[in-house]
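Colleague: Line order of the protein sequences matches chains B and H. Just so you know, we're using the numbering used here here: the first sequence kicks off at 1 and counts up by one. Just so you know, we're using the numbering used here here: the second sequence kicks off at 1 and counts up by one.
It should be emphasised that the hints constitute simulated quantities derived from the structure, not laboratory data. Among the hints, erroneous ones may be present.
[What the hints assert, rightly or not] Chain B regions said to be covered by chain H (calculated; three or more residues, Cβ under 8 Å):
| # | region |
| --- | --- |
| 1 | 100 to 106 |
| 2 | 171 to 181 |
| 3 | 314 to 327 |
[Claimed, not checked] Quick partial rundown of chain B residues pointing at chain H, CB under 8 Å, derived from the structure:
| # | residue |
| --- | --- |
| 4 | 17 |
| 5 | 18 |
| 6 | 114 |
| 7 | 198 |
| 8 | 202 |
| 9 | 205 |
| 10 | 207 |
| 11 | 228 |
| 12 | 229 |
| 13 | 234 |
| 14 | 235 |
| 15 | 249 |
| 16 | 252 |
It should be emphasised that the depicted structure is a prediction, and the values quoted were computed from it without experimental measurement. In this text, a Cβ means the ideal position worked out from N, Cα and C, and glycines have one as well.
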Amino acid sequence: MPNESDIPDVDEIRQKIEEYETTIMGLRAICKVISDHYKADNPTTPLHISFGRRMTTSSANCVHPNNTATPDAVIQIEDDWGMVVEAKRTMPQNNNDRWRDTVDQLRKYDDNLLGWWTQSGELIPANITLLIDVDRSIDFSRYVQSLIDNGEISAFQNPTSIIEFFKKQEVKQFLHVRQVWGRLEPNNLSQKLEGGKSISVEGLIDGQRFYDQEPEAVEYTMVLLWQTVFTERYIGAKFDESAKVWLIDVDLDELTESLQKLYGQKSNEARERTFPRRKWIQKALDAFVLLDFAFHLEEKNKYVVKFKRLRGGDLFQRFYRHRISAKRKDAPTNFGQLELFETNKLDQILIEKDEDVNSDD
Amino acid sequence: MARSAAPKYDPIQAFESWVSSLSSPNKFFGILPMLKKFDDHIQLRESIIYHKGDFSSVIERISRIAKIEVHNYNSSPWLFSARIIGEDFPEENEGLLAFIPGKYPNMYRVITVSRSLFWANVVRKLVKRSYPEAMRVFFKQDEIHDALKILENNTENNLRIHILDGTLKAKRDTGQNRGRSQFNTDRVWRDQSVDEMFEEALEKNQWFTSLTFAIQRKSGKDSQNYFTIAKGKISKFGEVYCDFYFEEVEEFIITTLEGYASERLELYQMRGIRERDYKPSPPLEIKYNIDIFDEVEEIRRFGRTMVKYPDSSIAVFHGNPYYHANIADFADGSSFDIWILSPDRVLIAPQARSTPQALERITSYIFYQFREGVVKEYAE
Numbered sequence: 001m002p003n004e005s006d007i008p009d010v011d012e013i014r015q016k017i018e019e020y021e022t023t024i025m026g027l028r029a030i031c032k033v034i035s036d037h038y039k040a041d042n043p044t045t046p047l048h049i050s051f052g053r054r055m056t057t058s059s060a061n062c063v064h065p066n067n068t069a070t071p072d073a074v075i076q077i078e079d080d081w082g083m084v085v086e087a088k089r090t091m092p093q094n095n096n097d098r099w100r101d102t103v104d105q106l107r108k109y110d111d112n113l114l115g116w117w118t119q120s121g122e123l124i125p126a127n128i129t130l131l132i133d134v135d136r137s138i139d140f141s142r143y144v145q146s147l148i149d150n151g152e153i154s155a156f157q158n159p160t161s162i163i164e165f166f167k168k169q170e171v172k173q174f175l176h177v178r179q180v181w182g183r184l185e186p187n188n189l190s191q192k193l194e195g196g197k198s199i200s201v202e203g204l205i206d207g208q209r210f211y212d213q214e215p216e217a218v219e220y221t222m223v224l225l226w227q228t229v230f231t232e233r234y235i236g237a238k239f240d241e242s243a244k245v246w247l248i249d250v251d252l253d254e255l256t257e258s259l260q261k262l263y264g265q266k267s268n269e270a271r272e273r274t275f276p277r278r279k280w281i282q283k284a285l286d287a288f289v290l291l292d293f294a295f296h297l298e299e300k301n302k303y304v305v306k307f308k309r310l311r312g313g314d315l316f317q318r319f320y321r322h323r324i325s326a327k328r329k330d331a332p333t334n335f336g337q338l339e340l341f342e343t344n345k346l347d348q349i350l351i352e353k354d355e356d357v358n359s360d361d
Numbered sequence: 001m002a003r004s005a006a007p008k009y010d011p012i013q014a015f016e017s018w019v020s021s022l023s024s025p026n027k028f029f030g031i032l033p034m035l036k037k038f039d040d041h042i043q044l045r046e047s048i049i050y051h052k053g054d055f056s057s058v059i060e061r062i063s064r065i066a067k068i069e070v071h072n073y074n075s076s077p078w079l080f081s082a083r084i085i086g087e088d089f090p091e092e093n094e095g096l097l098a099f100i101p102g103k104y105p106n107m108y109r110v111i112t113v114s115r116s117l118f119w120a121n122v123v124r125k126l127v128k129r130s131y132p133e134a135m136r137v138f139f140k141q142d143e144i145h146d147a148l149k150i151l152e153n154n155t156e157n158n159l160r161i162h163i164l165d166g167t168l169k170a171k172r173d174t175g176q177n178r179g180r181s182q183f184n185t186d187r188v189w190r191d192q193s194v195d196e197m198f199e200e201a202l203e204k205n206q207w208f209t210s211l212t213f214a215i216q217r218k219s220g221k222d223s224q225n226y227f228t229i230a231k232g233k234i235s236k237f238g239e240v241y242c243d244f245y246f247e248e249v250e251e252f253i254i255t256t257l258e259g260y261a262s263e264r265l266e267l268y269q270m271r272g273i274r275e276r277d278y279k280p281s282p283p284l285e286i287k288y289n290i291d292i293f294d295e296v297e298e299i300r301r302f303g304r305t306m307v308k309y310p311d312s313s314i315a316v317f318h319g320n321p322y323y324h325a326n327i328a329d330f331a332d333g334s335s336f337d338i339w340i341l342s343p344d345r346v347l348i349a350p351q352a353r354s355t356p357q358a359l360e361r362i363t364s365y366i367f368y369q370f371r372e373g374v375v376k377e378y379a380e
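Work out the full structure: start from the sequences and follow the hints.
Modeller: Next comes the structure, spelled out in structure tokens:
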């Protein structure tokens, strides 16, 4: 009998998705605070923002000399101010000194990084920021300070700060950012962030749905694919009368590029990362295969999506069942077939129910 | 369409004769002064629709699905004879319909002079089924009120506009909702001024699905009595009928309502991320004049309403205390993110594909099934 107790429920999936989207909003909020700070006096101030830029470490880097570092965001104002941002929406407990990896990530950025949008590619000094969920911000700040105080690491050379972020419901939804440790340059920006800034979530709604980290819940990518890409492409697709599905031919590379343009980042510049990555999309398509909403062709990159009009219920409820299917597929029983049967039966009931609602008056 | 000669004035035949003699659909409005008052049950009926492209091909395709026989009349690309297939009352279910350009870009009218059976069984069916290529527009409560006031302000001094009857919807109390419709529907018969009728509806938090209005004339110079000289009907779903005073109804009611719809549809143009070269549009907002979402129950009610959105799939990212869902429209492949983050507005963020028709459909649905508001582009 397969053990399903380690499969998260759908609310946990939604929670992970919210954390992912909030992290993107946190990154955008920091960019907005900085942009507003510098553009208040001069709206035409040149601004560069990248979510996932390959920077080059120097030979003196204390973590990875002559290597690549990829902060979650790189922000530059004119040719003389810059910031690299690492975002951590979720942090595990600090068992076995697990937080040390994150500290080392920050130390890796504490360098004369190359890759800025300047003539030489350098920008000195650049600010370093860790954007962290409010639940861990104070503990993590104390941890970093204790490492410095105990001489386990040297003090940061570049201006470095920890900024907490969280959503809060007042009259409307805000995303609040506040500097809880360290310093930034210039001082007035640091002071502004120490006081905390609330950014309206409405103002952060944008097309960006991915950043340079894979979403923990594949259902997120599945929903974006199904709702916005497959629903658009099924119009005019071939209808399979016997299976009552529309058949959409999908090329993994083309689909990845499409999602990068719609919801991520795609650039031909060598330093820029592109996301979502191919393997994230492949994972989503494979989950559709488990749900019998797609099948994989022999040709490596090709899938056929079996599009149904999935009416009358929340898609997360449906898509998360691929986890049960995957679990049962691995188990030496016929539960996989049973699950498929139950899924198809439920789909049919929901479709019939919805067709009643939509019948012509 | 061949019809036997009638001994008296037959408005349907007169209309068919006039309209088929026109050299261009643009000259249609010129025949309105020539139409006399119609008898009971016969009305000039118009459905106001948004459309881009070739309506002939749309109607041909739809007729096959809707089991309605449609032919171009006199080889005209904008006149169609139509009849329902296999009905017992062929004469009631056949007629002529004209497809006429409206007064605003991409706005059209599907027009007949007919009895209600032909309209309901044939024309309305064709129009409804022609979505998304062509879509009937939605009239908001305040827009209908405005149009009736404009008509009233532009008629002679001895005329007045009264509301004779209406079908009204009202939100049911939360406690009454278990397993039932969220709404009560009432039919009311009155002979009341436009302002009184709309104020009463506002007080009771009701909205008209349709209403019958009358143009009434004073019996005598010093008389307080009025008698009805023309009647008309407005439906929220883009339909207007009338039996007389055709030019006035056209100019002050239909053109006004068409203008409001056109303005909204103009706002909905070029919203899809793909058609904007992957630069997302700012969200659209439906703004309410009260903080409706102060009550969490209203957010839940909104969520329940969206789950029932016809011909769509939904993924709910978050339900409470804020709302975030994605809706995909099966009719044309459009999709939207819907957000509630403030107490007084709903945000609609268009996704990869977002057509004006799909935006009109979803906003109309929210207006009708949840609450009417003002739609505009969101700005911080």
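Colleague: Where does the structure disagree with the numbered hints, that is, which hint numbers, in rising order?
Modeller: 1, 6, 7, 15 and 16
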